[in-house]
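Chemist: Each chain is listed here by its residues.
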Amino acid sequence: MDAFEAIKATFFQECDELLADLESKLMLLEQGQTDLETINAVFRAVHSVKGGAGAFGLEALVRFAHVFETLMDELRGGRKPCDTVTIKTLLRASDVLADHIQAAQGLAPPVDEERSAGLVHELELLTHGGEAPPVVEEDEDDFGFTPMAFDAALDEPLADLGGSGEIEVAASEAQTGWRVLFKPHSRMYGSANEAGLLLRELGRVGPTTVSVDAENLPTLDILVAEEGYLTWTIDLTAEVDEKVVREVFDFVEADCDLTVSPLGGAPALEFEEEPPAVLPASDDLDVAALLAKAAGAAPPEAPAPAPAPVAAAPEPAPAPAPAPVPPPVAAAPAPTTAPVPPAQVAAPVAPAPVTIRVDLDRVDRLINVVGELVIQQAMLSQRVLESGLARSSGIALGLEDLELLTREIQDSVMAIRAQPVKSVFQRMPRLVREVADMVSKQVRLVTAGEDTEVDKTVVERLAEPITHMLRNAIDHGLETPEDRVAAGKPAEGTVRLAALHRSGRIVIEISDDGRGINRERVKKIAIDKGLIAPEAALTDEQIDNLIFLPGFSTAAVVSDISGRGVGMDVVKRSIQALGGRISISSVPGKGSTFTLSLPLTLAVLDGMVVSAADQILIAPLPAIVESLTPQESDLHYVGGVDPVIRFRERFLPLIDVAMTMGFRDTPVVPNEGVAVVVETEGGQQAALLFDAIQGQRQVVIKSLETNYQQVEGVAAATILGDGRVALILDVDVLVTDMRRKSGRPDFKLAS
Amino acid sequence: MKKTVLTVDDSRTMRDMLLMALEDAGYHVIQAVDGIDGLETLAANGADVVITDINMPRMDGFGFIEGMRADPNHRTTPCLVLTTESDAEKKARARAAGATGWIVKPFDPAKLVDAVRRVAA
Amino acid sequence: MNEANDSQRELIAFRIGRQEFCVDIMSVREIRGWTPATPLPRSPGYMKGVINLRGTVLPIIDLGARFGLETSEPTARHVIMVAHIGGRMVGLLVDAVSDILEMNDASVQPTPDVASDQVKTFVKGIFSIDGRMISLIELDHILPQVEAEAA
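For the protein sequence lines, the chains are X, W and G, in the order given. If you use full-length UniProt numbering, the first sequence corresponds to residues 1 to 751, in order. If you use full-length UniProt numbering, the second sequence corresponds to residues 1 to 121, in order. If you use full-length UniProt numbering, the third sequence corresponds to residues 1 to 151, in order.
Don't read these hints as lab results, they were simulated from the structure. Some hints here could point you the wrong way.
As the list claims (entries may be wrong) - What follows is a list of derived Cβ distance ranges for each label pair:
#, chain 1, residue 1, chain 2, residue 2, range
1, X, G662, G, Q118, 19 to 27 Å
2, X, A108, G, A76, 58 to 66 Å
3, X, R362, G, P112, 48 to 56 Å
4, G, R29, X, N671, 42 to 50 Å
5, X, G662, G, D140, 27 to 35 Å
Unchecked claim - In silico negatives: residues of chain G with every beta carbon more than 12 Å from chain X:
#, residue
6, S27
7, T38
8, R42
9, I51
10, G68
11, T75
12, R88
13, P110
14, D113
15, Q118
16, F127
Don't be surprised by glycine CBs; every beta carbon is placed ideally from N, CA and C.
Working from the sequences, and respecting the hints, build out all of it.
Modeler: Here's what the structure looks like:
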């Protein structure tokens, strides 16, 4: 990747951040916080997108951002009100802006032109206050946002300045040179421009002859160093356009008197490297007349001079020393783009925390190595224990300290990958707007806990289930505005999205104040689909959770909005794939709450260590409901073959794991083993039969796919303290695999 | 000795582009992310030429230039403003605040370096 | 460089039962003694399971069984050759490593028709050294999923 491409990648990264910022600031506006700083922040975000897009020649993006920016400029200037209608338009404009950015990255097809043009029109209408449609807008090209438009941008206004056609003609007739009359104002020095540098610059165009008129120079006692006393006459012998000459004075044209006229051929003094400080006037040109002429030709874009800034105010001589030579900077420029604030920041505004950007690969490598360290440390501890050393021995005590340190390193390293869920939450307001529009409902999204941190991988995988559940909440949970009003609720429904930490896991709650789950209907669907027996007696909670059963959702109950043909069972499955759990609680007429809890990281897992046929296996703790020793009286055999176990008044299939996995051929006698009740997708429970439980521990997850492939019934592997590999069970596959043979006895046998 | 250019811009993209163009041209580049950071960086490290954006959080480009000109050490340090061609008003304001010149965005590296060279003593 | 000049290659020769095979030395990362592997459920018979190789989960293939030969339960005398196959690390269980050979490509003969199909899948050719017949093994098809794709 060359440097340009790398910067482009940075730009798109920055765009993501800008969009997130834009969204959050727009939300503030929507909540009524329409202060100048918020509006300014929105302006800046759009402005930065436009600036970068211009640099990379992303024209469609530039054009859209420009219209957006123009309206923001009106708003921050207070020329247009920041009212509800405007804010709604801005929100939709931010969506289109996001789409333009996606398209510019090639991640999405070009934005639908009608949609983009429609919003451009709306923005312009707001910008111009619904007055006569602005014809001028056709001239947008003027803004010079063609990439690398520098030349044109500089030249055009100057060409206008040239004014008279004579000069154009003269120029084209191979002009031999120009006489430049140049009288700096004091303000020119106040902006750190120097006559000497300008003369040097003119010297680069062609050979120059310079004379200076020092007639106005006062005596030293009253001389003000930065006052403009001198008038320079420069004869330039070069066949160039007048605009080339004027370009040299581009920066100072408003701060000096300047005339440029074709050279008559009058000889003048030779200009030597440095302009002589004081030279006698060699020419008796009518300066006043020339100055008047110059004033007449002042550039149209130069406004009346603003009051001189403080720095330009006359100061007592002597002039300050030349600009200090900066001390040699020892440190090379930082390769990263992270801001490096000075060592001591005394500013009242809170300084941004110092950050560095690191390749994710490097972090992952570190996490991997720390994983090895944890395993190695555990192995070492076990060896020492086996060697019979006293627990109070120096080695054993040292090992304990080592273990604490290792844990701490692991936690710290994991924290590097932790990210606030903000990045996912910020995508949701747009989704809510779109879905609400689609189903003609009024929805307010309230978010909380955006700063809650969780592993990057988890953050990334949260977006889909949250999206799905929000759609579901708006589409199914909330009533239509009419129904809500009829039910005595505000027409606008509220959906709440919150994140919090709870006992070492992250919990995401999505709740609505809608109608709640229609249990009669849910039960009927479940019966119709054969998911439960018609006579099954289920608790409210069990009925609510039926919606997670595979096969529950169909096109009949899931519209294209909430489902896209995907049911809640898929959501549940994707949550479980992350080691998470999901549940729903609902109050009829009041609304529903989905709660999902996830581990903070995917690199380690809390597991129960079990043994089966001489093998050590790990059962993921989140899937485990309870463990128990099977009693003879609780065991039954369906059709005399398939074992089931009574658990909380229900019969669960009892799965001999060692048999299922092919570790032995004859089943273990159930009451000689231990049963672990697990819950799988759709809230279905089963009991896994092992030989014994050895304990609980956190294990480092190792992929089997790195060197081999996926193995049925195995989620991953880990390395135990004794150095052996243990398999982590894929509880879902184990249980559903058995189900194919044994059907769904848990609901049908409900007593 | 290499000349030092301080770039003040809240956009990482723009900082990167300035850095690439200026370093290629043999300048030493130091960076700041807004006006306040710019003044602090300038006070701590000094610079031969300063390039600043206008629209920035905390302190914008105008505030930065005024602050810089108020410091006797940097009253004569050339300062170029990054602006868009449409911003005639901004140019005037920047000039009033004490900007030495301007660079029109989007810039091409050659023009940028040319502008820096023109104002660098 | 050497390879390019005269197609001279270094090979590791190993024994399974009474037969001798060899693989390119470049694909073998290390050789270690047998340690009991953790069996994988529902895997082909030649998959002995996985072991821990300094923190990496390494699948172990009983190479003899893979070739369709009769093999016995591995003992401490058996050897695991850790090989690099298509971006993966795989442990190959063999009876013993017997030799390091230098061989010229020209001396390799095509696999004779008498060999079984299963052998021919993996044997690229045969050659003789000191009157011993050694089969040159192509490791690319050793992993099971490649077989699944081919089927």
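Chemist: Of the numbered hints stated previously, which ones are contradicted by the structure, given in increasing order?
Modeler: Hints 7, 8, 9, 12 not satisfied by this model.
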